[in-house]
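> All chains, full assembly: derive it from the sequences and hints.
Protein chains in written order, with the numbering used here: chain A, 1 to 306; chain G, 1 to 306.
I should point out that these hints are in silico values taken from the structure, not numbers from a laboratory.
Among the clues, some could well be false.
As the list claims (entries may be wrong) - Cross-link-like lysine to aspartate or glutamate pairs, in silico, EDC-like; alpha carbons within 16 Å at most: (1) Lys10(A) - Glu110(G); (2) Lys10(G) - Glu113(A); (3) Lys10(G) - Asp98(A); (4) Lys10(G) - Glu110(A); (5) Lys222(A) - Glu290(A); (6) Lys10(G) - Asp123(A); (7) Lys10(A) - Glu113(G); (8) Lys10(G) - Asp210(G); (9) Lys10(A) - Asp123(G).
Treat the numbers as computed from the prediction; the structure is a model and nothing was measured.
Number of protein chains: 2
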Amino acid sequence: MEQSFVAWAKMRAHRLPQVKLGIGDDAALMDVGGTQDLVVTTDTMMEGTHFRSAEVELRRIGRKLVRVNLSDLAAMAAEPEAVFLSMCVPTSDKRAADWIASEIYEGVCEVCEQHEVALAGGDTNCWDGPLVLSLTATGRVFDGQVWRRGGAQAEDLIVVTGPLGGSITGKQFDFTPRFDVAEQLRGHVGVHAAMDISDGLSVDLLRMCDASSCGGILELDKIPISDAAKDLVETSGKQPVEHALGDGEDFELLLAIAPDSFAEVQEILGAESAIAVGEFTSRTGLWMREGSRIYQLTLSGYVHGR
Amino acid sequence: MEQSFVAWAKMRAHRLPQVKLGIGDDAALMDVGGTQDLVVTTDTMMEGTHFRSAEVELRRIGRKLVRVNLSDLAAMAAEPEAVFLSMCVPTSDKRAADWIASEIYEGVCEVCEQHEVALAGGDTNCWDGPLVLSLTATGRVFDGQVWRRGGAQAEDLIVVTGPLGGSITGKQFDFTPRFDVAEQLRGHVGVHAAMDISDGLSVDLLRMCDASSCGGILELDKIPISDAAKDLVETSGKQPVEHALGDGEDFELLLAIAPDSFAEVQEILGAESAIAVGEFTSRTGLWMREGSRIYQLTLSGYVHGR
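In structure tokens:
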């Protein structure tokens, strides 16, 4: 949806003091009267837009639906707890609606079991439209330990937790939400901001910069490029780094790490899960450094000046 | 969806001890570490199934979406707190997708403001399919005060909170979730079970009976019939009581009230909001009393033996 709609929606929405963080972050954060806050996120996947059920196993779609939402919880450093599944199941499909619903449900249950999350409710409807799946996930986090998008500071390092690009070849369905990172770094003072990379590094980094009122300078040669992205180059005609910058659905985490904490963070996570790819800067916007020169980066992932 | 699917789904779902009540009730109930439990419900509305956007003002659809969910919270005696809105907006519509999304959103915001509920997050997508709206609502309730479906006991009175039937003429969109009933009776020991009447009195009463392992005997001449249901008779060819039994979306509450508490409940709510229409019985199934005889009632609302 248009960012202008999201901005208007954020402004228009009714707010309450117990909602500490509402529209605009990976998930909402609510005070529920306990020692931990509640984290809630919701994501919808539609036939033809997010998947083609004729081409992908239904259980795999169900698994992705949960993982996409859990990834938002991991990005807030939350522990996942429960999911609520809504399905609009086509009756026009030659396969019985019951079978479609059951296969999706099985995939959802599999991932719930992997992450010890309860499937606690939902709503299943049949209709003559395409398959639509909506999931809401809840988790919990201690107040001082939640990660937000808006905490990056100038000179923080831009850190990603794994190789990027080419998820369309499989990782978009079969990734693991980075709860391992959340668990190992939760409460670490060096983590200033976090979000998951769902729409591509360049788009999501700019969102973090905007939320943090700063800019980011990427060092293109430091960006870890996945094998899938390298393979895609043969058919896409793009450079590998363009895939790493522009492809969506990596579901790695993007972190803003205080410079003096990076060595420790890297020691905790391992070098392959803590890769510095640039630094935040007080000058707003998205930039790339090449040698001693700095160029502006456009959102498409296409690089000016090369 | 088939009840067999719901039964299977309930059995299959991964469970955790902190989820006190999962699939099968109006909403899920979760221990979130505070003095109050969290109540979560989700409902989806689809173009052509739940509304026709060419015939109904979009804001009215948005208002209904919130009310349907809040009604589930009222039925659990919960206080509503936040909602999360997912929209799949058609781009094929001649009206701009942005306008459709904004109008729905406005309707959602209006009801949120009426009930002091935060709109705390969501997900808006455009696609070439029909309009699909999904909402998750959260609320809170003290542990001992939550109402469930499964607490009705033999000899409890079957009580409804207002006239039934004919909601298709307008009430299906413009009802008010019965938080007034929840607020006035919350914690009252005489309320043994509650749910909202969304699919019609006969269907929903049977659900309450099944959840409570008992049966129900309705006294047809005591069922309050709405003016809308009486008006519908001219065109429907049905009897008024058939509308009151079979029409859905009344969104009144169905309560199981201990016999010795009914006078007090009626005093608290007023006679027009506490109407005894029969009693629960140890013999399972749905029955109707006419004079001294008892007949079985079918789910369609059609009455045997008349």
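> None of the hints should be skipped; say for each whether it holds.
Okay, the hints, checked on the actual structure:
no. : hint                  : in the structure
1   : Lys10(A) - Glu110(G)  : holds, 15 Å
2   : Lys10(G) - Glu113(A)  : holds, 15 Å
3   : Lys10(G) - Asp98(A)   : holds, 15 Å
4   : Lys10(G) - Glu110(A)  : holds, 15 Å
5   : Lys222(A) - Glu290(A) : holds, 11 Å
6   : Lys10(G) - Asp123(A)  : holds, 12 Å
7   : Lys10(A) - Glu113(G)  : holds, 15 Å
8   : Lys10(G) - Asp210(G)  : holds, 15 Å
9   : Lys10(A) - Asp123(G)  : holds, 12 Å
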